[in-house]
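So the protein sequences, as listed, match chains A and B. According to the numbering used here, the first sequence holds residues 1 to 513 in order. According to the numbering used here, the second sequence holds residues 1 to 320 in order.
Hints are computed from structural coordinates only; laboratory data are not their basis. C-beta: ideal position from N, C-alpha, C; glycine also. Mixed in with the good hints, there may be bad ones.
[What the hints assert, rightly or not] Which chain A residues face chain B? A few, computed with CB under 8 Å, are given here: (1) Ile92; (2) Leu229; (3) Pro332; (4) Leu341; (5) Pro343; (6) Pro353; (7) Gly354; (8) Leu363; (9) Ala364; (10) Ser370; (11) Val375; (12) Val378; (13) Ile435; (14) Ala439.
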Amino acid sequence: MPEEVLAVRGLGKTFPGVRALDGVDLTLHAGEVHALIGENGAGKSTLIKLLTGVYRPDEGTIVFEGREVSFATPLEAQKAGISTIYQEVNLIPLLSVARNLFLGREPRNRFGVLDMARMNREAEETLATYGVRVDVRRPLRTLGVGAQQMVALARAVATDARIVIMDEPTSSLEPREVETLFSVIRRLRDAGIAVVYVSHRLDELYAVCSTVTVLRDGRRVHHGTLAELDRLQLVSTMLGRDLGEVRTEGLTKFTGDHSAATDEPVLEAKELTAKHQLHGVSVSIRPGEVVGLGGLLGSGRTETAKAIAGALPLGSGSVTVAGVPLRAGSTPAAIRAGISLLPEDRKSEGIVPGLSVRENIALAVLPRLSRFGLVSEVKVDSIVDTFIKRLRIKASSPQQKVGELSGGNQQKVLLARWLAMNPKVLLLDEPTRGIDVGAKAEVQKLVDELAADGLGVLLISSDLEELIEGSDRVVVLKDGAVVGELSGDDVTEDNLMRAIAGSDNLQGVAADG
Amino acid sequence: MAELALRTPTLDKDRVLQWLQKYGVYAGVAVLLVVNIAITPHFLSAENFRTQAVQVAPVIIVALGMALVIGTEGVDLSVGAVMALSASVVALYLGYGLLPALLVVALFAAGVGLANGALVAFIGVQPIVATLALMVGGRGLALVLLPQLEDLRNPTLASLGSGDVLGFPYLILVAAVLALIVAFVVRRTTFGRQLLAIGDSRPAAQLAGLPVRRVLIIVYVVSALLAAVAGVLATARLQASDPTSLGNLMELSAITAVVVGGTPLTGGRVNIAGTVAGAVLIQLLTATLIKHDLPPSWTQIAQAVVIVAAVYAARGRGKR
Chain A
1 MPEEVLAVRG LGKTFPGVRA LDGVDLTLHA GEVHALIGEN GAGKSTLIKL LTGVYRPDEG
61 TIVFEGREVS FATPLEAQKA GISTIYQEVN LIPLLSVARN LFLGREPRNR FGVLDMARMN
121 REAEETLATY GVRVDVRRPL RTLGVGAQQM VALARAVATD ARIVIMDEPT SSLEPREVET
181 LFSVIRRLRD AGIAVVYVSH RLDELYAVCS TVTVLRDGRR VHHGTLAELD RLQLVSTMLG
241 RDLGEVRTEG LTKFTGDHSA ATDEPVLEAK ELTAKHQLHG VSVSIRPGEV VGLGGLLGSG
301 RTETAKAIAG ALPLGSGSVT VAGVPLRAGS TPAAIRAGIS LLPEDRKSEG IVPGLSVREN
361 IALAVLPRLS RFGLVSEVKV DSIVDTFIKR LRIKASSPQQ KVGELSGGNQ QKVLLARWLA
421 MNPKVLLLDE PTRGIDVGAK AEVQKLVDEL AADGLGVLLI SSDLEELIEG SDRVVVLKDG
481 AVVGELSGDD VTEDNLMRAI AGSDNLQGVA ADG
Chain B
1 MAELALRTPT LDKDRVLQWL QKYGVYAGVA VLLVVNIAIT PHFLSAENFR TQAVQVAPVI
61 IVALGMALVI GTEGVDLSVG AVMALSASVV ALYLGYGLLP ALLVVALFAA GVGLANGALV
121 AFIGVQPIVA TLALMVGGRG LALVLLPQLE DLRNPTLASL GSGDVLGFPY LILVAAVLAL
181 IVAFVVRRTT FGRQLLAIGD SRPAAQLAGL PVRRVLIIVY VVSALLAAVA GVLATARLQA
241 SDPTSLGNLM ELSAITAVVV GGTPLTGGRV NIAGTVAGAV LIQLLTATLI KHDLPPSWTQ
301 IAQAVVIVAA VYAARGRGKR
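With the rest of the complex left out, here is chain A:
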């Protein structure tokens, strides 16, 4: 067994109201590429931040190279030999590539002045080994994101790192750049450096990682050799579904759509493409139909919803509502056409926290309740009243600030905001996340009722049960592309997980069907 570089025991961290990490262990050996995975809120970023000195642990120990450590700042961790590469490159965009590479350890000549020639020469040599061939005197920002990431990586390695933590390093890379990254990771491994690799792309994990830790709800739920788990097992561990259940149900055929509705689709999204995020996603929804979007975090579910709502710049693709094509990339145009989006991030993209329940409900519909720019308070009151009653919104009064309401009631206020617009299509991104059980049931019931009234609904949920029971049809995304579609009796947990895992047997079956 190679030397143990890191031994984390019983690490715990509590934020107000949230147990972010609960007694987590992690062991890293030299030359190990370790996959760290888990869904949103599982505790991955908290763990990374504890390891790199961004947060201090509430309990537990971190033993690094045989000594117990407690980093006060990220810089300390970096100096000790734990380097982190974030999704966003954290270098200085205006300095030259070479300066960035040598930041803080610049070569100097005997007069103590920067030795630019030597720096540039060495930078060029170093970067060439990472497949980056650029003029190192250029400002860093003139490089592509992938190349910038390579510079960050080269810098991390050059600073004598013993552990390199990569937080979704490929999220903005081209396939060719991903290949280069992998070869770099393999070289790090051979040099005895331990790598922690965070990604939601299963293919990548199996391509480079040897061991795995799965976190769920702040706890470690699995650790071991990655090869011992197939994709399906990995996904079910991550999502916390019973594996036995999945196994016994066995293979089910994926078939085409057999609900014989003759209605024309109310929404048709075709070949939505956005750089690094969506690769030709097509979805159609008929009136009265609830279409689920399945997939792991980062599979492009939220992006698809945002693209349809005009809130994501598209490379190509089209959206039509009731047969009428929509101007791309315009939220107001999408809303006028009858598309309503309840965003995933309710607190920062949904509610306007400082305004009252009344103002929040009336926000989008306001121009329709106004004449010559003057708001008709009577009309606002009547609409607000109607929806507070219909959705059973619990607030001390319509004047109460939305920020003070419970999550469930905030979500209802948002629903009211959009229902007031008489939409044709409702896009619900995680509509029940973070709201209590009672409100959850109410929101789910409401979605059913709305669909029964003829609305087309797109439902995104990480809660598999909700997705399966709520949807008539589920479109499964992976890495920004549609990889499967389930409808009718085939909408089962088993099938869904197989599709999400993108396991080989699925592809076989899909080819048959």
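Add chain B to chain A, keeping to what the hints say.
Just chain B now, kept in the frame of chain A:
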């Protein structure tokens, strides 16, 4: 019992802070009025009322626009420069008559507002940076147009600056009417509601389909136009165009009035009555110190104390 005793002090402190946040500025104005009536000779005279009113009017007018901009989580540093610019332009075009001159002033001001708004709304420049550019450039342009002080001889303009109705100078009447209009816009119009929503949460406003860019641009144009009105009125009062010093530090006076008046710098809320009271408070404070022969530097220190007090009171609300 023990529990109650423990909890009471914090409750009281919170309540005091809340009360201060809501009514502190009015209480401050009331206290200064009472103190001055008691100790300052000739404070309760028509002459003094006139002086104070004429001095505070331009600050109120500029602060109204500033309140709107701050309501969108922005700030407009260019208002003083716009005042100077309007003074220059009035002087240059007065030969064609007052009305044409005022129209050209409005055009220049709208241009500055458009530039501010476009930088903020389309290019995404931080408001403080965007308006800083026009704060410097605007005054530069004003001085290019009119390099030195110029006396203006236009009877209409002069009467605008010095006339009154029933003892109320035109200046303060204009300020009052504008304050009522702006308060109405904030409370009762679609535009006002949209402005507050954008200030509170820009991403949410965007996803709700609000015309974010249009609202931002209009807000900056309105701010510039109000600054131009203030510039013209101040010029009328002086009966001279003085692009070198007119509106100097006006942006800071206006921001102070807005903040002291209970409008948070974080956007999403605009308090027009408070803004007017804030301007009056600063004016009275300055007047009090001057009338009692304290050096002008004391005024600045007193202003600083008021600002800190206002920010402290606002802190309590922000935490809730």
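Structure-based check of each hint:
Interface hint at Ile92 (chain A): violated, since its Cβ lies 19 Å from the closest Cβ of chain B, which is beyond the 8 Å cut-off. Hint on Leu229 (chain A) is violated. Least Cβ distance to chain B is approximately 38 Å, over the 8 Å limit. At a threshold of 8 Å, the smallest CB-CB gap from Pro332 (chain A) to chain B is about 5 Å, leaving the interface hint in force. Interface hint at Leu341 (chain A): satisfied, since its Cβ lies 6 Å from the closest Cβ of chain B, which is below the 8 Å cut-off.
Checking Pro343 (chain A) against chain B by beta carbon gives a least distance of about 6 Å; that is within 8 Å, so the hint holds. For Pro353 (chain A), the interface hint holds, since its Cβ comes within 8 Å of a Cβ in chain B; the closest pair sits about 7 Å apart. Checking Gly354 (chain A) against chain B: minimum C-beta separation of about 4 Å stays under 8 Å; hint holds. At about 5 Å, the closest approach between the beta carbon of Leu363 (chain A) and any beta carbon in chain B falls short of 8 Å, and the interface hint on this residue holds.
At a threshold of 8 Å, the smallest CB-CB gap from Ala364 (chain A) to chain B is about 5 Å, leaving the interface hint in force. With a cut of 8 Å, the hint placing Ser370 (chain A) at the interface with chain B holds, because the nearest CB-to-CB distance is about 4 Å. A cut of 8 Å between beta carbons decides the hint on Val375 (chain A): the least distance to chain B is about 6 Å, and the hint holds. With a least beta-carbon distance of about 12 Å to chain B, the hint placing Val378 (chain A) at the interface is violated under the 8 Å criterion.
For Ile435 (chain A), the interface hint is violated, the least distance from its beta-carbon to any beta-carbon of chain B being 18 Å, above 8 Å. A least Cβ separation of about 20 Å between Ala439 (chain A) and chain B goes past the 8 Å threshold, and the interface hint is therefore violated.
Hint compliance for this structure: hints 1, 2, 12, 13 and 14 are broken, all remaining hints hold.
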